[in-house]
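Chemist: Read off the chains here:
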Amino acid sequence: MTDPLDRMIAAAKAGRMSRREFVGRTTALGVSAALASALYTKAAHAEPKKGGLIRMGMQGGESTNSLDPALAASEVPFAVNMTWGEMLVDVTPTGEIDLRIAEEISANADATEWKFKIRQGVEFHNGKTVTADDVVATLRRHTDEKSQSGALGIVQGITDMSAEGDMVTLKLASGNADLPYLMGDYHLIIQPNGGIDNPTEGIGAGPYKVVVHEPGIRHTFEKHANYFDTTIGHADQTEILVINDGTARTGALQSGQVHMMNRVDPKIAELLKRAPGVQVKAVPGRGHYVFIMHVDKAPFDNNDLRMALKLSVNRQEMVDKILGGLGSIGNDFPINSAYPLFDDSIPQREYDAALAAEHYAKSGHDGSPIILRTAQGAFPGAVEAAQLFQQTANAAGIPLEIKREPDDGYWSNVWNVEPFCASYWGGRPVQDQMYATAYLSTADWNDTKFKNAKFDELLMAARAELNADTRKATYSEMAKIVRDEGGLILPMFNDFVEAVRDEIQGWEADPNGELMNGRAHVKCWLA
Amino acid sequence: MHPVLTLVVQRIALGLLLLLAVSAVIFLGVAALPGDTAQAILGQSATPQALANLRAEMGLDQPALTRYFQWLGGVLTGDLGTSISNRTDIAAAIGQRLGNTLFLAGWAAVISVPLAILLGLVAARYNGRWPDKLISGATLSAISLPEFVVGYLILYFLAVKWQLFPSVAMVFPGMGMMERLNAVILPVIVLVLVVLAHMMRMTRAAILNVMQSAYIETAELKGLSPMQVIWRHAFPNAIAPVVNVVMLNLAYLVVGVVVVEVVFVYPGMGQYLVDHVAKRDLPVVQAVGLIFAAVYIGLNILADVISILANPRLRHPK
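So the protein lines, in turn, are chains B and G. Note that full-length UniProt numbering has the first sequence beginning at 1, numbered continuously upward. Note that full-length UniProt numbering has the second sequence beginning at 1, numbered continuously upward.
Derived by calculation from the structure, the hints in this document are not laboratory data. Check before you lean on any hint, since a few could be wrong.
As the list claims (entries may be wrong) - To give a feel for the contact side, a few chain B residues facing chain G, derived at Cβ under 7 Å:
#1 Q59
#2 G60
#3 E62
#4 S66
#5 G216
#6 I217
#7 T220
#8 I243
#9 D245
#10 T247
#11 G251
#12 A252
#13 Q254
#14 S255
#15 Q257
Heads up, the beta-carbon is just placed ideally off N, CA and C, and yes, glycines get one too.
With the rest of the complex left out, here is chain B:
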């Protein structure tokens, strides 16, 4: 084989080259496309090496964290729980259901009754076997308000749950075609007897057992010898170090003390790429940065004014300057191509000062300043993004003004309180969940106060619809309603920006969550 081909195979093995790029470049060397594709498959699926210790350095852990999966809210508890825990299902990087503790899933015709067959012989870390009763007890605990579960909204729609043999049956108040995706929520980790006796004991059926749990400092794990899935969990031990300071985290990665890190500051991503032994991974996800207007408060109750503001954002400029190019432009609805059933034919909204001025004139606004509240903590670069917004809006003759708020108390005093502010969303596995969380009239987190009967009706119709084409068309219609009438200005979707050392193999981009949906240390191996 020729030298450049060897180099490219090595690059593919290390995950530095996508299939498209690999095929494109090898065919340029005269290799047939079919052979190139086969070579890539072979290289990218090199036999994993077992053993060793994989360390991750992560932002997003505090000494206040708990092992109770119901309470997980930040990045470190999420990854910790994904290490020792296992859900009924997971979601693959391409958006399909990955069967974990559930072995088979079936639904009745209107998606109101679901049956989950429990995989045989899956073992908890304490030696007990996972039963259908454990699954039901787990779901039941999360439906109890006292558990303070982050998944309460997800399990609330379940009216009845029962276990019979190895079969769990869930009955819903109204049909939901996405229920299996909801069972992949990271809070819904199956615990012995649902974790009712001791929710924080950290006993699960996941690939690793908890050895040390020092919240805000470090979490260490050892391999669960009887883990049911032999295709993942390659390292003997794994460790998550909490390193909240960005420079310290980068330093730890560069000096080899950790193998992977989350949250690379986009400002330094270019510089870090040049560092020896380190690769930067930008993974398009579903998270997005937004400016939200309360559609029930003046002056934002006027759709022409909202449209004027939406048209006066220069989206590409924000992606380039705020995200350092590591992201993609948004279209004022919270869905992108990372979601299943995304309609890519909806026209992209562009910066148009003239049209914005036209809508602004039509709105009859009195010319008093429109106050946009922002804070450094709203999202990384929120203050700068607001300044860019102000410039382009002022160019369109809209008197946008910025009021900078303190980070402390931003989420309790500004967000959901003031009518126009900067914020962010992390995205959800499926469209239904994203819309139901923040755009349904009755949603808990309806932070734009958007109430639209037609939209609600469509959401319910799509939820119970099992035909994918019909659902896609309905979701497309809903997207257009939010885009043209909602209070959401969504200029950009941010990538997960992470970095790994060269010795890490088996890396795969996963839009579901950062660090391969919290399982980079479980799915990768050391060269």
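Guided by the hints, dock chain G onto chain B, whose structure is given.
Modeler: Frame of chain B; chain G shown alone:
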């Protein structure tokens, strides 16, 4: 009773009284913060009934004075209460963190205090000549840089570029002594650089001040070497101001190093406090505040006592 002893006992009693006053101020300050603990736990979805239940459960419906004395009683018996955010015993959690902080501060002190005094003596001996200028220049530049800049510089060169020491100073129970020392070496270097100049300059200034005295001239005239003059006659009389500055710096090493802890990911008290402030975990904030105040007051009492004992006029009253 010996008059010096009376003076010492008075100082200690005054310190304890001060600590009591500080505890009241901490309690009042925390109580005066807007919003209450029950609201903080339940978040924005709190219903009035749930709020009332939780307030009753935590005793928040009692008058502030009752709660203060309950809290004070608990503190005196070693019960610091329970953390709100993760429902763990605060005393146990703090115990380990405080141990880590004292370990780091201890090593930084063991290195920096003798080094600062020695450098101060040398600088005073060669006052105005090149050793003085070199020592002052080097230590003053180290103190002029903010500690996180010193931290990042050291991290970049010693950990990332030359890979001599670990960049993450993670210590945990069950670690061997040598392992522990290896882990904390970078933060110790940074802390030494940060506190060195202050103590060194004070030693130098205090000694130069004493060097103007007539008895120093006498010592020189009776033929002692300059270093002997400084060590035997000048230094003992310069102890009082030096001890005060040393103690201030030791207190800083315990209570003020949160930035260094963050840069080197060291699990000490500062990081623990910051995490709980962010979560509005007020019992922890109160407890840590009180411990920090106790450290400050304790070290200052110690400084006073040493100054009193080092003062011959007080030791041998007429």
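Chemist: Now tell me, hint by hint, if it's right for this structure.
Modeler: Right, here's what the structure says about each hint:
1. The criterion of a C-beta within 7 Å of any C-beta in chain G is not met by B/Q59, whose closest approach is roughly 11 Å, and the hint is violated.
2. The beta carbon of B/G60 is not positioned within 7 Å of any beta carbon in chain G (closest approach about 12 Å), and the interface hint is therefore violated.
3. The beta carbon of B/E62 comes within 4 Å of a beta carbon in chain G, closer than 7 Å, and the hint placing it at the interface holds.
4. Given the 7 Å rule on beta carbons, the hint for B/S66 holds: about 5 Å separates it from the nearest Cβ of chain G.
5. At about 6 Å, the closest approach between the beta carbon of B/G216 and any beta carbon in chain G falls short of 7 Å, and the interface hint on this residue holds.
6. For the restraint placing B/I217 at the interface with chain G, the shortest Cβ-Cβ distance is roughly 4 Å, inside the 7 Å limit, so the hint holds.
7. With a least beta-carbon distance of about 9 Å to chain G, the hint placing B/T220 at the interface is violated under the 7 Å criterion.
8. Taking 7 Å as the C-beta cut-off, the interface hint given for B/I243 holds, the closest approach to chain G being about 5 Å.
9. Checking B/D245 against chain G: minimum C-beta separation of about 5 Å stays under 7 Å; hint holds.
10. Against a cut-off of 7 Å between C-beta atoms, the interface hint on B/T247 holds, since the closest Cβ of chain G lies about 6 Å away.
11. Interface hint status for B/G251: upheld, as the beta-carbon distance to the closest one in chain G is roughly 4 Å, under 7 Å.
12. Taken as an interface hint, B/A252 checks out: its beta carbon lies about 5 Å from the nearest beta carbon of chain G, inside 7 Å.
13. About 5 Å separates the beta-carbon of B/Q254 from the nearest beta-carbon of chain G, less than 7 Å, and the hint is met.
14. Checking B/S255 against chain G: minimum C-beta separation of about 5 Å stays under 7 Å; hint holds.
15. Interface hint status for B/Q257: upheld, as the beta-carbon distance to the closest one in chain G is roughly 5 Å, under 7 Å.
Going down the numbered hints, you'll see the structure goes against 1, 2, 7, while the others check out.
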